[in-house]
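These are the residues of each chain, in order.
There are 2 protein chains.
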Amino acid sequence: MEKIVPVGVSARHIHLSQEHVDTLFGAGYELKPMKPLSQPGQFAAEETVAVFGPKGKFDKVRILGPARKASQIEISKTDSFQLGIDAPVRESGNIEGTPGITVKGPAGEVVLDRGVIIAARHIHFHTKEAAEWGIRDKQLLRVRVGGTRPLVFEDVIARISDQFALDMHIDTDEANAAGIKNGETAVILD
Amino acid sequence: MEKIVPVGVSARHIHLSQEHVDTLFGAGYELKPMKPLSQPGQFAAEETVAVFGPKGKFDKVRILGPARKASQIEISKTDSFQLGIDAPVRESGNIEGTPGITVKGPAGEVVLDRGVIIAARHIHFHTKEAAEWGIRDKQLLRVRVGGTRPLVFEDVIARISDQFALDMHIDTDEANAAGIKNGETAVILD
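Keeping their order, the protein sequence lines are chains D and S.
Going by this note's numbering, the first residue of the first sequence is number 26, and it counts up by one from there.
Going by this note's numbering, the first residue of the second sequence is number 26, and it counts up by one from there.
I should point out that these hints are in silico values taken from the structure, not numbers from a laboratory.
A hint or two may mislead.
One copy or two, it doesn't matter: identical chains are merged, so the pair holds either way.
Claimed, not checked - The calculated DSSO-like cross-link candidates involving lysine-lysine, where the alpha carbons are at most 27 Å apart (straight line), are: (1) Lys-60 <-> Lys-80; (2) Lys-82 <-> Lys-206; (3) Lys-28 <-> Lys-153; (4) Lys-206 <-> Lys-60; (5) Lys-57 <-> Lys-85.
All values reported here derive from a predicted model rather than from experimental measurement.
Throw the hints in and build the complete structure from the sequences for me.
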C-alpha cells in the first residue's frame, strides 16, 4: 500500500507568546484567525509583523496562532542570507542556542534573544495512521516527491499525535527544489 | 568505487550575446573576466546588469562570459516569484518558448523576448571520467547529498564533453534544501 501524504509548503512565519502579542499589538490583544491550517486549532492570523536582521528585513511576516509559550520565527535558508542571520535547522520548539531577531508591530517592538530557526522537514501523523503504517514517533523517513524536479528527502521526522492531521511540512526552498506546490502529494518510501 | 562529484552552486546569472553586450555596455565592449569558473574558458565577469520583471527586480545580476550566441538568464524558483516571471525548468540553451525580461546596463536597455529559465540540475563530465564510470551523455542520474539536510536528487542530467571538468551544478534553492555549500561534494548513486 502506497503511503501518500499531502504536502504543505510553509512560507516564513512567526509564532508569538501572549506577552509578545501584548507588546507588539497592545495589552490583552487577541490574534484574529484568518485561515485555518492543516493541524486542528492552528490558524494563520490576519496580523503580520516586520522583522529585522543585520543585513535585511521582511515587512510582512504572517503570524500563526494561537499564541505559544515561546516566540519562534521559521524562515528558509534563502531568507537567512537576506536577513544576515545564520539560523540552524531545528525541530519546532527546540530554540535553545538559536539566534535572535528584532520584531516590530503597530504598538511596539520586541528584541528576541533567540527563536530564529529553519524548520526541519517533518510529517504530522494522526496516531491511527501511524499505527496502520507502522511508523514510530521521531522516526526518520525517506519521502519521494515526483513531478518536474523529482527528489527523495531523507531524515524527514515523523511526529505523531491524536491531535494531528496527516500533512508533510517543508519550507519554500525545499518546495522549489522539488518543483512542488502546496497541496500536492509525496510518497513515503521507508 | 564511489563516484564523488564536487558541487557548484549557481546563483542567479546571465549570459549575453555580443549584440546585447554592445547595447548594454557600448559598441565593441569586451567583458572583463573577474574569476574563472569550473568549466574551462568560462568566467564570471566584473560587470553586472539590472533585470526587471512585472513584480520585482534584481539590481546586480552577474554576467558570465564569454559572450554566447543567445542571451539567457538563469534564476531560481524563489527568484521567479520575486520577479513575477513563471520560468520553466530547462537545460541551458533550450530557451524556445520561455518568458522574457528587461535588462538594463550602463549604456542601454534590452528587452529579451525569451531566455528566462530555471536551469535543470546537471553534471559536467570529462569524456574520460564518463567512460570510466560508464555514464552516457544525457543519462538521468540519482545523486545523493549528505550533511544536515540529506536528500537524493533524481533526474540529474549527465553532460559529457572533452571540454568539461567534473562538476555538478545546482541552483540556490536546491543547495539550500540540501544544506550544501559551494565546493562540497555529492555521490552518484546510479
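Results of checking the hints against the structure:
no. : hint               : in the structure
1   : Lys-60 <-> Lys-80  : between (31 Å within a copy, 25 Å between copies)
2   : Lys-82 <-> Lys-206 : both (25 Å within a copy, 23 Å between copies)
3   : Lys-28 <-> Lys-153 : within (14 Å within a copy, 42 Å between copies)
4   : Lys-206 <-> Lys-60 : within (18 Å within a copy, 36 Å between copies)
5   : Lys-57 <-> Lys-85  : within (16 Å within a copy, 40 Å between copies)
The structure agrees with every numbered hint stated previously.
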